[in-house]
Amino acid sequence: MGSFFRSEEMVLCQLFLQPEAAYTSIAQLGEMGVVQFRDLNTEVSSFQRKFVSEVRRHDELERKLRYIETEMVKDGFEIPEAPSDTKVPNPRESADLENHLEKTESELLEVSQNAVNLKNNFLELTELRHVLEKTKGFFDEQESSAHGESGKSLIHDEAGQQSTRARLGFVAGVIERERVPAFERMLWRISRGNVFLRQAELNDPLEDPTTGHQIYKTVFVAFFQGEQLKSRVRKVCAGFHASVYPCPHLPEERAATLEGVRTRLADLNMVLNQTQDHRLRVLTSAAKDLQMWTVMVRKMKAIYHALNMFNMDVTQKCLIGECWAPLADLQRVRQALADGSKEVGSSIPSFLQVIDTKEVPPTYNRTNKFTKAFQKLIDSYGVSSYGEVNPALYTIITFPFLFAVMFGDAGHGLIVTLFGLWMVLKEKSLMKIKTSSEFWNILFGGRYIILLMGLFSIYTGFIYNDVLSRGMNIFGSRWINPYNATTLSDNENLEINPYEGYLGTPYYFGIDPAWMLAENKIIFLNSYKMKMSIIFGVVHMIFGVCLSVVNHRHFGNKIYILLEFVPQLLFLVLLFAYMAFMMLIKWWLYGPFDEQRWSPGCAPSILITFINMLLQSKSEVLKGCETEFMFPYQYWVQIACVLLAVLCVPVMLFGKPIYLSIKNKRALKRESLHGHENPQGIELSEELGLNPEPAKKGMGGHGGHDDDEEFSFGEAMVHQSIHTIEYVLSTVSHTASYLRLWALSLAHSQLSEVLWTKVLKIGLSIKGPAGPVAIFLIFGAWACLTISILVLMEGLSAFLHTLRLHWVEFMNKFYQGEGYAFAPFSFKKILKHESSEEDA
Amino acid sequence: MLGSFFNIDGGYLEGLCRGFKCGILKQADYLNLVQCETLEDLKLHLQGTDYGNFLANEPSPLAVSVIDDKLREKLVIEFQHMRNHAVEPLSTFLDFITYSYMIDNIILLITGTLHQRPISELIPKCHPLGSFEQMEAIHVAATPAELYNAVLVDTPLAPFFVDCISEQDLDEMNIEIIRNTLYKAYLEAFFAFCKDLGGTTAESMCEILAFEADRRAIIITINSFGTELTKDDRVKLYPKVGKLYPDGLAALARADDYEQVKAVAEYYAEYRALFEGAGNNPGEKTLEDKFFEHEVRLNVNAFLQQFHFGVFYSYLKLKEQECRNVVWIAECVAQKHRTKIDNYIPIF
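Top to bottom, those sequences are chains A and B. The numbering of the first sequence is numbering that gives the first Met the number 0, which starts it at 0 and goes up by one. The numbering of the second sequence is numbering that gives the first Met the number 0, which starts it at 0 and goes up by one.
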């Protein structure tokens with residue numbers, strides 16, 4: 000039987016690993032991803048575990064890798080993807096890797112440190128150059144003003160003037176632009192307005208050597224008088240992180256310094272370029288393997304994390320771990336252990352032992368890319384209990400089909416199909432696009448569902464004869480127009496009598512296109528779709544109830560088939576399947592060409608008949624019709640159905656509790672006869688003495704009693720009565736719930752029709768030269784609305800309703816969903832998880 | 000009614016703040032932390048908490064100071080994030096919180112320069128929440144008047160400083176007086192601001208600030224014994240917003256020794272309890288720790304109500320307490336001084 004039918008059979012294994020082979024064995028298992036380790040050290044806190052130092056070492060390695068990576072990102076390096084077959088390095092290689100990383104990191108640190116120093120130097124020189132260049136103007140101005148003043152001044156000799164200028168001290172420097180206003184205010188405050196500040200903005204941003212940010216700066220010169228003020232100005236400069244540069248008083252000296260600075264700058268530039276080249280070389284050599292190293296380090300870290308879940312044997316000779324593995328993969332696990340031992344040349348093989356347990360194994364459904372999305376739909380309701388029948392298999396067809404019943408329009412279906420098809424065909428290239436957009440990831444994950452939904456929608460669209468709300472006359476309508484031209488033009492509404500208009504054979508596929516023109520189209524379609532919904536619903540639910548048989552058989556509760564399944568099925572079939580049967584028979588028996596007794600006028604209302612059947616009342620027989628019944632003995636059949644169905648209720652209600660209490664009494668009697676102990680259990684526990692905890696569980700498993708806790712009849716009764724009431728009520732409410740198939744289908748067709756008549760039709764009916772322009776614009780609007788409202792919104796709503804029909808109406812009949820998912824130790828998953836975390 | 004409109008401006012930030020609050024270490028975390036053998040263990044454990052990888056990029060061996068810096072950095076980033084998203088009046092409220100750090104920074108810098116320390120050595124010690132533009136040029140001032148006129152006049156602290164200008168020069172004593180006068184003015188202004196905001200904010204914040212004021216008054220009194228601070232000067236330093244005001248403060252002003260302070264506290268139920276449990280003997284908790292515990296209790300209570308600004312203040316204070324706790328534990332671990340490791344103040 001295919002594994003998709005129910006979850007994989009799992010076994011609990013005990014692993015005995017030789018310490019020297021543990022690392023390689025776990026590496027092999029990690030590559031395969033088939034086992035889930037159980038943490039045997041839950042009570043030990045994380046930093047007291049055995050391999051914590053290794054984990055820490057790899058944390059340190061990761062830190063180094065991150066450092067190297069940030070350095071690369073800073074320089075705009077393209078980091079190539081890691082090759083997909085990166086193997087876990089053996090311990091010796093990992094030591095090499097560690098050395099290598101250590102070396103690269105220290106080299107990089109040194110280079111960066113050098114670069115920062117050089118850049119600092121460079122920055123200072125550049126700033127000095129700017130100071131010298133920009134201040135030239137200020138000094139020239141001052142000079143000229145001094146000369147101008149000297150013209151008015153009383154003392155005319157040169158020496159005197161020299162001395163006045165000497166006394167006017169100044170500080171020149173560079174400050175960040177945004178701090179200038181505060182700086183200026185502060186200078187003014189400390190000197191009471193006796194400082195004269197000149198400033199000039201630098202147009203080009205300078206680079207901050209440590210962070211690499213671009214900063215805009217301003218050159219300033221502050222003139223003042225007196226030594227005391229000078230020290231205070233300098234303090235303010237220091238406080239505002241202004242870099243102050245020595246600036247000679249005399250213009251000639253200034254020119255000379257400027258010249259010197261320029262040559263030094265040129266030299267420095269050369270050195271800087273060389274450092275940069277060196278840095279690039281270091282980074283290039285590292286960039287090639289960076290991702291590979293990252294993958295390796297992560298894998299090694301994961302291995303040690305896994306090993307931390309292991310127990311050390313008392314003799315320190317081997318590591319003992321426990322894991323869940325699928326029975327089918329046991330051979331591969333053994334092979335992995337053997338390979339692991341062989342790799343290190345271990346003399347004593349590591350081995351694996353399957354142990355019995357009473358614990359519930361994890362649920363593992365093997366999926367492929369097609370079934371994965373369907374399994375996800377089921378798992379989001381609740382992971383199935385271990386061994387339970389897996390509804391995902393049936394969902395593959397029922398889900399797209401029920402969706403399509405609500406989304407029945409071939410045009411819209413085609414759009415959905417094409418979109419799904421595009422995603423499926425471009426799968427490989429699209430898979431590579433890593434995006435954090437949740438919307439896209441959901442759509443892409445469900446690409447096969449979308450494709451199937453689209454295909455089914457096309458099918459139902461043709462059945463409803465709806466293509467973008469228009470009917471298609473493909474095979475030729477089976478209705479003809481019996482009226483002549485004058486009658487047609489004189490009358491607004493005309494009725495076509497089937498005797499005259501209908502050709503006698505139905506349209507070959509789907510609804511006859513003639514209905515598209517009919518006034519009573521909606522009435523006709525409503526009756527059709529409503530009945531169809533109920534029929535689908537009843538079939539779907541009966542199927543769900545039948546699936547519970549498989550569960551009962553699997554869990555060894557065959558008696559429940561009689562006590563639960565049979566009454567449930569009878570109840571559903573006798574009442575609701577009978578109603579569906581009446582619908583079908585009504586369609587079959589009555590028609591316009593038949594005699595009076597079978598004419599449409601005499602056809603009974605199914606709803607009324609059903610209510611009468613339950614309430615045992617009678618309605619009036621219409622004139623001309625002989626009877627309200629459709630077939631002979633219908634009355635007695637109905638009474639029998641109702642009686643049987645009612646009789647099913649007590650069986651459902653009392654069957655299971657009574658059975659359980661009888662079973663419990665017998666078990667108690669047997670126990671008192673045989674004594675409590677079970678020899679087999681003791682034997683087993685001795686055998687596994689080195690690990691007492693699971694052994695205890697194993698013993699319990701051999702005890703043979705299902706219920707450890709006290710059995711209480713009252714509790715079972717309450718439980719069962721809740722179940723029964725729920726089931727009986729739910730048959731009614733769930734049947735009604737399937738009417739949503741009709742309701743949504745109606746809403747969809749009406750909406751698309753409104754869009755056609757109110758938008759596109761208006762565009763089509765505009766005459767004259769404005770017509771083409773109008774239709775161009777209006778078609779755009781119509782297309783947008785069709786995609787956004789009809790395909791996206793309606794599609795989403797139909798999807799959700801389908802999901803509900805599956806989760807509630809279908810799965811309720813048999814599904815427990817109390818398991819927990821199998822989470823294997825797999826490198827692939829770990830790496831994927833980490834990279835997605837990084838993106839976020 | 001106030002509550003129903005609160006979420007328009009403050010809803011996001013309150014939610015954020017409450018989310019941050021959930022990351023505060025629990026008792027179970029502390030129990031694990033005190034078991035750590037080395038700082039590496041501490042780091043490994045903190046990785047499992049809301050701190051996540053905050054130490055992941057630090058090369059080993061770790062130093063306690065690095066942990067301290069990183070803890071503070073994380074807190075500051077969170078606070079700045081909230082401040083940047085805040086609108087009036089929450090933004091002013093959050094600014095008010097930072098003023099206390101500004102006061103601390105100013106005092107730190109002045110004291111530092113008084114002891115001839117270079118300013119570049121002092122700056123890293125300043126709390127980043129209390130940094131302001133003119134801060135680093137503070138050493139140009141030699142007298143309080145200069146300090147005010149040159150540096151503080153442009154900062155939001157200016158109105159608090161007006162009372163201090165009279166002091167003659169900056170010596171150790173005067174700096175202490177300046178600090179306390181500033182703090183008093185700040186607390187009173189903050190209290191008035193919260194009162195004006197009204198509603199639940201006023202309820203929760205005034206309670207906390209009143210306690211803060213009383214704590215300062217009591218500590219000032221106790222610390223003033225045996226110093227040259229006169230009783231008259233002392234009275235001027237008491238913030239007048241606490242529960243002790245006015246009777247308790249008057250009584251405190253007359254106190255001459257610790258016993259008399261304790262006698263004053265007797266009249267106030269919550270303070271009596273604090274004094275009763277306090278002592279300097281080993282095994283007993285100091286009065287300071289008792290105050291911290293009470294503060295933590297008050298701040299935790301602030302989270303019991305919704306639609307008010309108190310949660311921001313309380314979050315910051317609780318987180319600071321947590322930083323102190325972690326650093327304390329880290330120090331004990333680093334110095335292998337395990338006997339006192341349990342002296343942290345649990346929050347939840």
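Worth flagging that the hints you see were computed from the coordinates, not collected in a lab. Treat the hints with care, as some may be off.
[To be verified] In silico PhoX-like links for lysine-lysine, alpha-carbon gap of 25 Å or less:
no., chain 1, residue 1, chain 2, residue 2
1, B, K284, B, K235
2, A, K63, A, K300
3, A, K520, A, K425
4, B, K242, A, K63
5, B, K335, B, K316
6, A, K368, A, K425
7, B, K194, B, K124
8, B, K73, A, K73
9, B, K289, A, K73
10, A, K371, A, K831
11, B, K73, B, K194
12, B, K69, A, K63
13, B, K230, B, K194
14, A, K557, A, K662
15, A, K662, A, K287
16, B, K69, A, K49
17, A, K234, B, K73
18, A, K431, A, K375
Hints and how they fare:
1. Restraint check: the Cα-Cα separation between K284 of chain B and K235 of chain B comes to about 30 Å, which exceeds 25 Å; the hinted pair is violated.
2. Between K63 of chain A and K300 of chain A, the direct Cα distance comes to roughly 14 Å. Compliance with the 25 Å bound is thereby established for this hinted pair.
3. With a C-alpha separation of about 42 Å, the suggested pair K520 of chain A and K425 of chain A falls outside the 25 Å cut-off, and the hint is violated.
4. Of the supplied pair hints, the one linking K242 of chain B and K63 of chain A is violated, its CA atoms being roughly 55 Å apart against a limit of 25 Å.
5. Taking the CA atoms of K335 of chain B and K316 of chain B, the gap is about 28 Å. The hint is violated against a cut of 25 Å.
6. Our distance criterion of 25 Å between C-alpha atoms is met by K368 of chain A and K425 of chain A, whose separation comes to about 14 Å.
7. With a C-alpha separation of about 33 Å, the suggested pairing of K194 of chain B with K124 of chain B is violated against the 25 Å cut-off.
8. The straight-line distance between the Cα atoms of K73 of chain B and K73 of chain A is roughly 23 Å, inside the 25 Å bound, and the hint therefore holds.
9. At most 25 Å may separate the alpha-carbon atoms for a hinted pair to count; K289 of chain B and K73 of chain A exceed this at roughly 50 Å.
10. With a C-alpha separation of about 17 Å, the suggested pairing of K371 of chain A with K831 of chain A holds against the 25 Å cut-off.
11. Only pairs whose Cα atoms come within 25 Å are accepted, and K73 of chain B paired with K194 of chain B is rejected, the gap being roughly 31 Å.
12. Taken as a hint, the K69 of chain B and K63 of chain A pair is honoured in the structure, with Cα atoms around 19 Å apart against an allowance of 25 Å.
13. About 30 Å separates the Cα atoms of K230 of chain B and K194 of chain B, which puts this hinted pair outside 25 Å; it is violated.
14. Distance check on the hinted pair: K557 of chain A and K662 of chain A sit about 14 Å apart at the alpha-carbon level, within 25 Å; holds.
15. Using a Cα cut-off of 25 Å, the hinted pair K662 of chain A and K287 of chain A is violated, with the two alpha carbons roughly 70 Å apart.
16. The straight-line distance between the Cα atoms of K69 of chain B and K49 of chain A is roughly 29 Å, outside the 25 Å bound, and the hint therefore fails.
17. Between K234 of chain A and K73 of chain B the CA atoms are separated by roughly 32 Å; this puts the pair beyond 25 Å, and the hint is violated.
18. With a C-alpha separation of about 21 Å, the suggested pairing of K431 of chain A with K375 of chain A holds against the 25 Å cut-off.
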